[in-house]
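J.: Spelled out, the chains give:
2 protein chains.
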Amino acid sequence: MSEEKKIPYKIYLEEQEMPTSWYNVRADMKNKPAPLMNPGTHQPLTKEELAPIFCEELVDQELNDTDAYIEIPEEIRNFYKMYRPSPLVRAYCLEEKLGTPAKIYYKFEGNNTSGSHKLNSAIAQAYYAKKQGLKGVTTETGAGQWGTALSMACSYFDLDCKVYMVKVSYEQKPFRREVMRTYGATVTPSPSMTTEIGKKILAEHPGTTGSLGCAISEAVEVATQNEGYRYVLGSVLNQVLLHQSIIGLETKAALDKYGIDPDIIIGCAGGGSNLGGLIAPFMGEKLRGEKDYRIIAVEPASCPSFTRGVFAYDFCDTGMICPLAKMYTLGSSFIPSANHAGGLRFHGMSTTLSQLYHDGLMEATAVEQTAVFEAAEQFARIEGILPAPESSHAIRVAIDEALKCKETGEEKTIVFGLTGTGYFDMVAYERFHDGEMTDYIPTDEDLAKGFAGIPKFPGNEF
Amino acid sequence: MSEEKKIPYKIYLEEQEMPTSWYNVRADMKNKPAPLMNPGTHQPLTKEELAPIFCEELVDQELNDTDAYIEIPEEIRNFYKMYRPSPLVRAYCLEEKLGTPAKIYYKFEGNNTSGSHKLNSAIAQAYYAKKQGLKGVTTETGAGQWGTALSMACSYFDLDCKVYMVKVSYEQKPFRREVMRTYGATVTPSPSMTTEIGKKILAEHPGTTGSLGCAISEAVEVATQNEGYRYVLGSVLNQVLLHQSIIGLETKAALDKYGIDPDIIIGCAGGGSNLGGLIAPFMGEKLRGEKDYRIIAVEPASCPSFTRGVFAYDFCDTGMICPLAKMYTLGSSFIPSANHAGGLRFHGMSTTLSQLYHDGLMEATAVEQTAVFEAAEQFARIEGILPAPESSHAIRVAIDEALKCKETGEEKTIVFGLTGTGYFDMVAYERFHDGEMTDYIPTDEDLAKGFAGIPKFPGNEF
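Chains L and C are the protein sequences, given in the same order.
Using my numbering, read the first sequence as starting at 1 and increasing by one per residue.
Using my numbering, read the second sequence as starting at 1 and increasing by one per residue.
Hint data in this document are derived by calculation from the structure and do not stem from the laboratory.
Fair warning: there could be bad hints in the mix.
Copies of one chain are not kept apart here, so a pair can be met inside one copy or by any two copies together.
As a list, the in silico DSS-like pairs of lysine-lysine whose alpha-carbon atoms are at most 30 Å apart [stated by the list, open to error]:
#1 Lys10 x Lys130
#2 Lys6 x Lys257
#3 Lys47 x Lys404
#4 Lys81 x Lys131
#5 Lys257 x Lys10
#6 Lys412 x Lys81
#7 Lys97 x Lys199
#8 Lys449 x Lys81
#9 Lys257 x Lys81
#10 Lys81 x Lys6
#11 Lys412 x Lys97
#12 Lys406 x Lys81
#13 Lys131 x Lys10
#14 Lys81 x Lys10
Excised from the complex, chain L in its bound form (with noise of 0.2 Å):
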């Protein structure tokens, strides 16, 4: 490394470095994400027919696929401002350890009391919320970090919070529950007694520890029926990678600091929110023709949509009370099994990045929990941070790709999401520790399952 550009452990943007406007990856898109659909009419869903769901100036970002820049009104930059920038960490520590040539970077996002990158798109729809003249929002939570980040935010903007979590994680952190109640919102395990759509659920499946799907469907339904209410949702939307887009835009402007050019960007992806931050202005130097990177999309193996699934469009939700979306999808009915990465247990994908896997603009890998644990302990170790399962699973593609540099002697600059920590997953790690975590991989029977539940009809051939 040459004294003149010796690279700090952390890079850090000033205030003013800052990025004013979030990139809308879409706009470089030749093939455009597929619109959402009206399950009724099977035409693309119009603004009316959003409005009723989501926040209007949230649906307009939803629509927009040709503005390359969305400015980020200055009372969203003022609450960044109080946990942003987030650092881009170079990992000497774990590069020394891996006695790689690799160069490793990571882009932390779990320095907010979320814990993860959530806030980011939390604080926006909170704001339009509030714009717009809501009482208040609802939602669902997996791990708990989305939940926690909306609580948060609503609290900062003074909305009322529904949130509904998924029941493994609402039974496995519980103290989750009391961060969102220190912030003010209402908690309710998923599936409940409080919704139609839950009820159902519930009698056809009693037993069951719940799923992003089913949870989704319980928060729309009370969004639509409540007056002064609207749902939001932490991932798969384009609105929401949108937002998230400022990981991947300060990412790109703390390399560019200091001329880094990254060969391979990974990130963790359950529905997409994170990966399509962070990877935003990346791709769209690719897409523009202007650089080229390999892109990693790692997913766990219980739920493999990418690896796994097929592309078509189908519901978002196991309630089929959503639009549909066009995706790589497991089948809105696909329960994966009780896998504690809770925020990756989504049958589907965010659309944009759908398209852009089925263009081959990026790849995808599917790792198993129990490898994603071990690079999760050995990461904290070296590095200092106790990493949430989800980041842990691009953790572990990370090493394994700068272990392959090892072998070949590469001096390959990798960069990796590392979306969140892991202090409420303790009881995960406590498995872990006690050898009693195990991985599942659905067989074939299982995801055949889940595929008989897309809807079938002209044009959504899979």
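Position chain C relative to chain L; hints supplied.
T.: Using the frame of chain L, we list chain C on its own:
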């Protein structure tokens, strides 16, 4: 606020601006803190007497009251770079919500996996243990922050780590244990049956929820009876305050960068590690007659060493096997109620801070638990950081001082130490939310019982 001096939300030092030496406030004290004393001979402890308990180089630091600056070894500085510098945050949002003309800053030490400032000294102590060729170290932990920090530090230097955790915290914070396990430590609830002193304490007080004083006794016993082990402590000692001076040095450097002169400096005080570190360079200026500051120690009303204790030589541990230290103390047999602010449950106080307080160079105030949690929740909602109960003692008083400024119209600059995050304190938050939290103030009779256990000998009148 003038435009040319606009202060960012967070002031980060550059890597090259980070301190390269610790500051030893004792060098500037006219009245030095009284030396540790041999409980048998009542003579100051020599290096030879301390060496079986503590690492050699740490003994040197403990006894050194003449060198103002002690260089930070490069290995420690490299570790610091993984999580430091910590941000000095301008609490713009809190100021606005309170409607105060005061300017509030906080030095946030919670952005590392140990969740607190404790790592600053843990890594230093582990380094010196490794350098001495030891197998491992033993320690006690209250709230679990110190134990976690030490586990991380030992893992980094490949040292064995045995932690005795105050039973009430062990039970209230089961996930803390898992974090320590993640870093390879063994954790035992204290008092335990694994030591002679533990057995004795359990026989005398079968239902005890433990105290730092008990846990110290157990850890010291194990260290002194196992070849290749030494005992390390996360607070109270001079060496700890020395290492923690990194907090104050960074704070001062960040303030100086923007020409900010604080009026009031506030820190929570259990054994004094954070407070002593935060105030060190400011106290130095005060001692040298260069500047004046109001310095306020905040302690829990349930364990009020400064405000209701006596200034005398006393044992640091309940088992009375440790050296005597001259400090503000409630008596080593004082076991506070199961106050949730575990880290502040120590009966004594740093000898350095005790001397400074005795000499009128700083103030102290005691606050009640429910008022502390009110401040904690208010702060969490406004500033977006979920504070540890310990840290929230400082928040309470910072808010109170800011509200006084609102009344008087004074534009005072307040700096407080936000020592850590409360992710592992959700049981306490839950009690607060459920209205089950009570305050506990020891009666004069309670205190008299504790004082009765303080050793009586000529020169130790109180």
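J.: Give a verdict on every hint.
T.: Status of the hints after comparison with the structure:
no.	hint	verdict
1	Lys10 x Lys130	between (35 Å within a copy, 26 Å between copies)
2	Lys6 x Lys257	both (12 Å within a copy, 23 Å between copies)
3	Lys47 x Lys404	neither (48 Å within a copy, 51 Å between copies)
4	Lys81 x Lys131	within (20 Å within a copy, 41 Å between copies)
5	Lys257 x Lys10	both (12 Å within a copy, 20 Å between copies)
6	Lys412 x Lys81	between (32 Å within a copy, 23 Å between copies)
7	Lys97 x Lys199	neither (52 Å within a copy, 42 Å between copies)
8	Lys449 x Lys81	neither (46 Å within a copy, 51 Å between copies)
9	Lys257 x Lys81	both (20 Å within a copy, 19 Å between copies)
10	Lys81 x Lys6	both (27 Å within a copy, 14 Å between copies)
11	Lys412 x Lys97	within (16 Å within a copy, 48 Å between copies)
12	Lys406 x Lys81	between (39 Å within a copy, 25 Å between copies)
13	Lys131 x Lys10	between (36 Å within a copy, 27 Å between copies)
14	Lys81 x Lys10	both (17 Å within a copy, 8 Å between copies)
This entry does not satisfy hints 3, 7 and 8, going by the numbered hints stated previously.
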